[in-house]
Amino acid sequence: MSRDNIIIRTATPDDEKVLSDLLAAAYGELAQASYDSEALSAALPLMSRANPTLLASGSYYIAEIDGAAAGCGGWTMDKPGSGEIAEGVGHIRHFATHPAHLRKGVARLRLEHCLAEARAAGIRVMMSQSTLPAEQFYAAAGFRRIGSIEVEMGPGVVLPAVEMQRQLS
Numbered sequence: 001m002s003r004d005n006i007i008i009r010t011a012t013p014d015d016e017k018v019l020s021d022l023l024a025a026a027y028g029e030l031a032q033a034s035y036d037s038e039a040l041s042a043a044l045p046l047m048s049r050a051n052p053t054l055l056a057s058g059s060y061y062i063a064e065i066d067g068a069a070a071g072c073g074g075w076t077m078d079k080p081g082s083g084e085i086a087e088g089v090g091h092i093r094h095f096a097t098h099p100a101h102l103r104k105g106v107a108r109l110r111l112e113h114c115l116a117e118a119r120a121a122g123i124r125v126m127m128s129q130s131t132l133p134a135e136q137f138y139a140a141a142g143f144r145r146i147g148s149i150e151v152e153m154g155p156g157v158v159l160p161a162v163e164m165q166r167q168l169s
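Under the UniProt record's numbering, think of the first position of the sequence shown as 1, with each following residue one higher.
Because the hints were derived from the structure by calculation, they are not lab data.
Take the hints with a grain of salt, since some may be wrong.
[Said to hold, decoys possible] Here are the computed lysine-lysine pairs in the DSSO-like style, where the Cα-Cα straight-line distance is at most 30 Å:
hint: 1; residue 1: Lys79; residue 2: Lys104
hint: 2; residue 1: Lys17; residue 2: Lys79
hint: 3; residue 1: Lys17; residue 2: Lys104
Predicted, not measured: the structure shown is a model, and the values here were computed from it.
Could you build the full structure based on these sequences and the hints that come with them?
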């Protein structure tokens, strides 16, 4: 598949249902081999809901192939979970690719789009709280591993993740 067939557009609140379905398919299938089944079962309902704040941010995107959502993800200046903002630092947010569209360049094109937008907004360092199965993807895109972290998905629901960083300037 050519990357020319992939359209990146800004998500809106109207995309909540289609993106929640995409997130459920992606995380439900792709995270199984990396996480404890009990922890993943508790986290999936929380992590597979499209975040309304991200959908309204103007920096969250949908990748479409033939009009169907193939992937989603974006970036913000505020740190996930805390809302902290540090000058020149951005954060990759809620990236996922539908399992039917893996290895087609969907995630890479979306990431390149986000990094270019962030760079244009003055971001010099991009952070990612990567899921375990996505660590290799981010490493291949120039992110370096900072260390292991735990991400609270909701009250009493915590999943291991990897904090990663990439210089943009």
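Worksheet item: Against the structure shown, which of the earlier numbered hints fail to hold, in ascending order?
Response: Per hint list: zero violations.
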